[in-house]
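Engineer: Listed here are the chains, written in short residue letters.
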Amino acid sequence: MAKASAAVILAGLAVAVAACGNAPTTSEPAASSSASSASTGGGGKTLEGVKLEIAAKWTGDEQKNFEQVLKAFTEKTGAKVTYASTGEDTGAYLGPRIQGGSPPDVAVLPQPGLVQQYAKQGALKPLTDAVTKEIDANYTPYWKELGSADGKVYGVLIKAAHKSLVWYRTQAFQDAGVQEPATWDDLMKAAQTIADSGTAPFSLCGASAWTLTDLFENIYLSTAGPEKYDQLSKHEIPWTDPSVATALEKIAQIAGKQEFMVDGTSGTMQTDFPTCANKVFANKKSAMVIEADFVATSVAQAKGKVGEDAKAIPFPKAGDTAPVILGGDVAVAMKDSPGAMALLEFLASKEGGEIWAKLPGYLSPNKNVSPDNYPDALTKQLGQTIVSAGDAVRYDMSDLAPSAFGGTDGKGEWKILQDFLRKPTDIKGAQAALEAEAKKAWK
Amino acid sequence: MTERLDGPAPAVPREEETSRGGAAGPADTPRTTRRLGPSPAVAIAFLLPAAVLLGVWVVYPIVYSLFRSLFDASGKGFVGLGNYTTIFTDAGMLTTIRNNLIWVVVAPIVVTTLGLIFAVLTERIRWATAFKLIVFMPMAVSLMAAGVIFRLVYDEAPDRGVANAILTTVHDTFSSSQGYPEARPREGAQSAVAAQNGGVVTKQAVQAGQPVLVPIVGVKPAAMPKNARPAKAPTGGGGLAGTVWFDFTPGGGGAPNQVDAGEKGLPGMTVEAVKDGQVAGTATTAEDGSFRFEGLPAGSYVVRLPQSNFKAAYNGLTWLGPTLITPAIIGAFVWVWAGFAMVLIAAGLAAIPRDALEAARIDGATEWQVFRRITVPLLSPVLLVVFVTMIINTLKVFDLVFIIAPSSVQPEANVVALEMWRVAFGGGNNQGLGSALAIFLLILVLPFMIMNIRRFRRENA
Chain A
1 MAKASAAVIL
11 AGLAVAVAAC
21 GNAPTTSEPA
31 ASSSASSAST
41 GGGGKTLEGV
51 KLEIAAKWTG
61 DEQKNFEQVL
71 KAFTEKTGAK
81 VTYASTGEDT
91 GAYLGPRIQG
101 GSPPDVAVLP
111 QPGLVQQYAK
121 QGALKPLTDA
131 VTKEIDANYT
141 PYWKELGSAD
151 GKVYGVLIKA
161 AHKSLVWYRT
171 QAFQDAGVQE
181 PATWDDLMKA
191 AQTIADSGTA
201 PFSLCGASAW
211 TLTDLFENIY
221 LSTAGPEKYD
231 QLSKHEIPWT
241 DPSVATALEK
251 IAQIAGKQEF
261 MVDGTSGTMQ
271 TDFPTCANKV
281 FANKKSAMVI
291 EADFVATSVA
301 QAKGKVGEDA
311 KAIPFPKAGD
321 TAPVILGGDV
331 AVAMKDSPGA
341 MALLEFLASK
351 EGGEIWAKLP
361 GYLSPNKNVS
371 PDNYPDALTK
381 QLGQTIVSAG
391 DAVRYDMSDL
401 APSAFGGTDG
411 KGEWKILQDF
421 LRKPTDIKGA
431 QAALEAEAKK
441 AWK
Chain B
1 MTERLDGPAP
11 AVPREEETSR
21 GGAAGPADTP
31 RTTRRLGPSP
41 AVAIAFLLPA
51 AVLLGVWVVY
61 PIVYSLFRSL
71 FDASGKGFVG
81 LGNYTTIFTD
91 AGMLTTIRNN
101 LIWVVVAPIV
111 VTTLGLIFAV
121 LTERIRWATA
131 FKLIVFMPMA
141 VSLMAAGVIF
151 RLVYDEAPDR
161 GVANAILTTV
171 HDTFSSSQGY
181 PEARPREGAQ
191 SAVAAQNGGV
201 VTKQAVQAGQ
211 PVLVPIVGVK
221 PAAMPKNARP
231 AKAPTGGGGL
241 AGTVWFDFTP
251 GGGGAPNQVD
261 AGEKGLPGMT
271 VEAVKDGQVA
281 GTATTAEDGS
291 FRFEGLPAGS
301 YVVRLPQSNF
311 KAAYNGLTWL
321 GPTLITPAII
331 GAFVWVWAGF
341 AMVLIAAGLA
351 AIPRDALEAA
361 RIDGATEWQV
371 FRRITVPLLS
381 PVLLVVFVTM
391 IINTLKVFDL
401 VFIIAPSSVQ
411 PEANVVALEM
421 WRVAFGGGNN
431 QGLGSALAIF
441 LLILVLPFMI
451 MNIRRFRREN
461 A
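Chains as they are written, first to last, in full-length UniProt numbering: chain A, 1 to 443; chain B, 1 to 461.
Looking at chain A on its own, in the form it has when it is part of the complex (with noise of 0.2 Å):
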C-alpha cells in the first residue's frame, strides 16, 4: 500500500521533471493564469496539468470516501490529487515534511490548535478570497474564527463528528417503560426509573476522561449558553465562575448515586472508552451511554442495529440552549498555490459537501449542505440539529485548550474531572482546582 502510492508519487515527480525540470514549482506558471477562473467555478477544467497532494489522517473507508470527493473535484477542475494518509499523529507527520521544505498542498488537521501552531510558524497560507467569501456563505461566523490566527483565515472545517448524543438501548426503555427525554429533568426521572427496574441508567466512562469533558461541555453549553462557553474556552471568564458550578451539579445528580452507574463508581474510573459503549449494547447490563457519533461502531460490533437495537437522541437541554457541540478536522493550504485554494474551495463549498454527504461516516459542519443527503436516518437527524443550532454549535471545548489542560492522560481537566466523578461533593474543590490548573496552562 505504501510501497504503491510511494511509486504513484515518485512517477508524478518523474513526469513533472520532465516536463518542466523544475519539479516542485511545476504547476506554477501553468496554473496562475487560470487560477482567477478556476476559483470562480466557471465550466471549462481549467487546472488541467496541475497536480496536488492534500494529507488527512483518514484511512479505510473514510479514505475511500474522501478519494471519492477528490475525484469529483479532478472531474470538475482537471487538476490530478494524490492522497497520502497522515497516520494518527498529524503533528509527527507533518512537522518535518514542512521542516524539510516540502509539505503537501493541503493538510488537514484533526484540531483547531494545530492551525494556531503551524500559523505561528509561519507554515500556512492565509487563504484567498474567494475562499473566504465561500465560507462566509457556508459557515457561521464561529468557524470562520476557529480557522482563523491573528486575524487571518486559514482553515475550514470540513468533517464534523457530533458529540451531543446520548445513545440507548431500546430494550432497555421497554423494561422500564420511560421516553426519550427531551429535557435533563426527563433524563434524571428516566433513569430512576431505570435504575428501580434492576438495570443501571448510565455506562460512564471514567478511564476515558475526554469523555467526561464532552458531558461536562454539552451540560454547559446547555445551561451558560454559547457566550459564556465562548468566554470559558479562552479562559476570559475563571473556572471558579458559578455557572461552571451548575454544570458540575447536574454531573453530580448522576455522580451522586451508585445505582445510576453500572459497577458503581469504582468500576467506572476502570471502563475506558469503547468498553462503556460495550456494556450497554454488547453485555447489556446498562441503559445509556453519553458520547458521540462513533459510538454507532460499538453498536455494529455487538451485532445491533441503529435505529432498532440502540438509538440516539440529541443531548437533553439542560437549560436554555439545545447543545450542539462538534469536533471536527480544519483543512488548512500549505503552499499558496491556486490549486491548493481551488480544492479548499471545492471542499467549502455547497457542491463538494454534498457530493461527500451522500457518502456513508460523514457529517458536514456545513449548513448549506441539506440533510438530506445523507445516506441514513441517524445522521440526517443529527445533520437537523448542526442545521436547527445555527450559531449556537460549538467546538469541544476541550480540544481548543493547551493540551496540557484539556489533552493528557493524568494533567489538568481530565484528572479533575475524574477526582470530581470519584467525589462528587465537592464542586468547590473541583473548581478551584480547575481554575489553578487553567491559570498554569494559559500563562
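One or more of the hints may lead you astray.
[Claimed, not checked] List of simulated lysine-lysine pairs, DSSO-like, C-alpha gap at most 27 Å:
1) A/285 x A/189
2) A/189 x B/203
3) B/203 x A/284
4) A/311 x B/220
5) B/311 x A/285
6) B/220 x A/189
Hints listed in this document are in silico derivations from the structure and should not be mistaken for laboratory results.
Please read all numbers here as calculations on a predicted model, not as lab measurements.
Based on the hints, put chain B in the right spot on chain A.
Structural biologist: Chain B alone, transformed into the frame defined by chain A:
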C-alpha cells in the same frame, strides 16, 4: 602481553616491560619512565571513534538536558532552578517520588529474594532445566506486552481478570452469597419503608392484623430467583404478616408502593420483627414474597430486612484502583524479572565450592544453616549485582506503569520516568521541566552506577 614477553628478554620478571628494539637492558627497577604501548597520537586515533560516539550520544545529551532544565517551556526564558523547585513543591510530583521510593525499596528485594529461592530450589529438583526455562520465559516478552497481559490479569470483572477469578473462586468455596445485591427500598415520602444501616426497615411500627408492605426496587435481573411467583397483596388474618416484593412492573405503568399485577414477590428474604432494638421473631418470605411471624406476642413492632439480604457477591479486589495499583504493577515487574535474577544467581551457585557446603554438612549444620551461613555469603557478590541491576531497572520503570494503570489512576501510579515523558512530550510540552526531571532521575541512578563501576574495578584489579 605475553607475546611481547616471549621476545628477546630472557627471564623477565613479572613486571611488564616493553621490549622494543634498542631498549636499555632489563631494567628491573620502577625507575623507568618509558611508557607502555603506542604513541599518544595513535592512542587518540584509536580512542576517537568511541569518544565521539560517547560524546554525541551520552555526554552532549546530559549537558544539554542540564542546560535545558534551567529554561521554561518555550526554551527562551531563563528560570534558574525554578523547574527543580516545581518538582519538589507540586503535590502530584511528590506522589510520583513516593511511588519511586516504594518501587526502589520493594521491587529489587522481592526480585532478588525470589530469584535466590528459585535458584536454590531448582538445584534440587529433577526437571530443573524445564522449570528454569518456564520462570525465565517472561524475559522473552517485552515489557509493553507484559503490561498488556497484566492489564487483563488485574481486570476487575472476575470473568475477565485472572486475579479476581482466583480470589472469587477461593472465596465462594467457603461462603456463597444468595441475596439481592444492590436492591433497595423504594424512595420517597409515599414509601412505607426506608434504608437503614444497609438493611430496610418500616418507617412506622406495625401491629398484628395490619398487613406490612415492603416495596423493593432495583433488583438485578440476574438476582431474581427462578421460583419467584407473582406477589399477592397481603390480606389480614392472624399474626404479623406482609409481603416483600419487587415493586416494578416490567414495561412500566405500575403504581408505586402497591402490589400490581405482574409484580413478583422476592422469595428467601429474611425478615425480622424488632421491638425495642431486640429481634423478637424471624421469618422467611415464601415464593410470592409473603411472610408471617408465628407465635409473636401482640404489640407493635418494626419490621426489618437485615443487611444480609442485600449483600453483594464477592467480586475480588480492585487491583487497578488508587490504593492497590503500585503493588499490582510491582507484581507484574517481579513476574518479568524474577527469571533473570534466578538465572544469574543459579550461575553463581554453580561456582560455589562444593567442599565448603560438604564440610558444613559433615559438621552437623542443618540445611537452613548451610543456606544462611555458607551459600548466601558466598553468593553475595552475585546477589549484589542482581540487586543493583534491579534498582537501576526500577528507577527507570516506565512502560509497565504506562500500560497497566488506567488513565484515572495514572496520577496515583505515576513514577519519575513516566512523568518526565508526559511533561516533556505526552501532552505537557514543557521540555524544561522534563529535562529537570531527567536530571533528577540521573542523580538518583548515579550512586548505584558508581557502586557498580567500583565493584567492576575491584573485580578486575
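Engineer: Hinted pair, alpha-carbon criterion (27 Å max): residue 311 of chain A, residue 220 of chain B. Please report holds or violated.
Structural biologist: Roughly 23 Å between the alpha carbons, so the hint for residue 311 of chain A and residue 220 of chain B holds.
Engineer: Residue 189 of chain A and residue 203 of chain B: Cα distance at most 27 Å?
Structural biologist: With a Cα-Cα distance of about 24 Å, the restraint between residue 189 of chain A and residue 203 of chain B holds, given a limit of 27 Å.
Engineer: Going straight from one Cα to the other, do residue 285 of chain A and residue 189 of chain A come out at no more than 27 Å?
Structural biologist: holds, 19 Å
Engineer: With the threshold set at 27 Å, check whether the alpha-carbon distance from residue 311 of chain B to residue 285 of chain A stays at or below it.
Structural biologist: holds, 19 Å
Engineer: Given the hinted pair residue 220 of chain B and residue 189 of chain A, is their Cα-Cα distance within 27 Å?
Structural biologist: holds, 19 Å
Engineer: Check whether the Cα positions of residue 203 of chain B and residue 284 of chain A lie no farther apart than 27 Å.
Structural biologist: violated, 35 Å
Going through the hint list in order, the structure does not satisfy hint 3, though it satisfies all others.
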